[in-house]
Structures are given as structure tokens and as C-alpha cells.
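**Student:** Following the working numbering, the numbering of the sequence shown begins with 2 at its first residue and continues without gaps.
It should be emphasised that the hints constitute simulated quantities derived from the structure, not laboratory data. Where hints are given, some of them may not hold.
[Stated by the list, open to error] Using C-beta positions, here's what the derived DEER-type ranges look like:
1) LEU23 / LEU95: 40 to 46 Å
2) GLU91 / CYS65: 17 to 23 Å
3) PHE42 / LEU97: 26 to 32 Å
4) THR71 / GLU48: 30 to 36 Å
5) THR26 / LEU97: 40 to 46 Å
6) THR71 / LEU23: 44 to 50 Å
7) ILE75 / ASN20: 48 to 54 Å
8) GLU47 / ASN85: 15 to 21 Å
9) TYR64 / LEU23: 37 to 43 Å
10) MET55 / ILE75: 30 to 36 Å
11) ALA96 / PRO22: 37 to 43 Å
12) THR26 / GLU48: 33 to 39 Å
13) ASN20 / THR71: 50 to 56 Å
Ideal Cβ positions, reconstructed from N, Cα and C, are used throughout, including at glycine.
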Amino acid sequence: MVLVLLLPINIEKSMKIINIPLLLTILLLASACATESQRNFLKMTEEEIYVYNMDKPLMEKVYCFEERQTSTYIRRRQCMTVENYVYRLERAVLALDVLQPSTGVGAFGTIRD
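Start from the sequences, fold in the hints, and give me the full structure.
**Tutor:** Okay, here's the thing in C-alpha cells:
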């Protein structure tokens with residue numbers, strides 16, 4: 002239905018309409034490839050990560066660790082920025098409801114003595 006609405010009568014106009022989305026798509030893909038956040042830290046050695054971290058602020062530094070999942074003995078190396086690691090820990094704590102202090106309210110809304 003969208004294609005029917007975009008089909009102009011003039012051929013020169015149709016080439017312009019086709020070229021604009023194509024150009025935007027190419028620019029979007031090129032900018033996505035050029036971002037620094039797309040670096041694969043898993044392929045970097047410890048020395049390369051050390052050099053990368055030298056000029057970065059604390060929250061942008063990369064932290065690598067080995068994580069063993071409960072279903073396997075194979076350790077998996079994970080690398081992420083400190084900011085992402087803190088966010089991941091915060092989400093895990095909130096998921097476990099650890100940060101909620103005891104309010105003294107029982108299951109039915111009564112206050113415990």
C-alpha cells in the first residue's frame with residue numbers, strides 16, 4: 002500500500018524518491034559501523050584493553066571478567082563498560098527485590114508488632 006502511494010507519474014521524480022531512501026539507508030548503515038560502541042572487546046587482549054582504558058573516564062572503561070553459568074562448567078568471558086556493568090547489577094538487584102527495605106507490613110496490609 003505504501004508503494005502505491007509513493008509511485009509518481011513522472012519517471013524523473015520516481016528516481017529521486019527511490020534515491021533518497023536508498024541514500025538515507027546507506028548513511029545510516031555507515032554511521033552504525035563507525036560508532037565506537039560497536040567495538041568487540043571480547044577479541045581484544047588484556048594489553049589492548051589496558052591501552053584503551055588509559056584515556057577513558059571511569060564509567061567508560063571496559064571491564065572483562067569470566068562468568069560461569071549454572072548450567073555449564075565452561076567459563077564465558079564477558080567484557081562491558083563499567084557503566085553497563087553497574088546497570089546490569091542494578092537490574093539484577095531490583096529483580097531480586099533486595100533493595101526493598103522491610104516496611105513491617107504483613108501479607109494482608111497489617112502492621113507487624
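**Student:** Report the numbers of all earlier hints that the structure fails to satisfy, in ascending order.
**Tutor:** none
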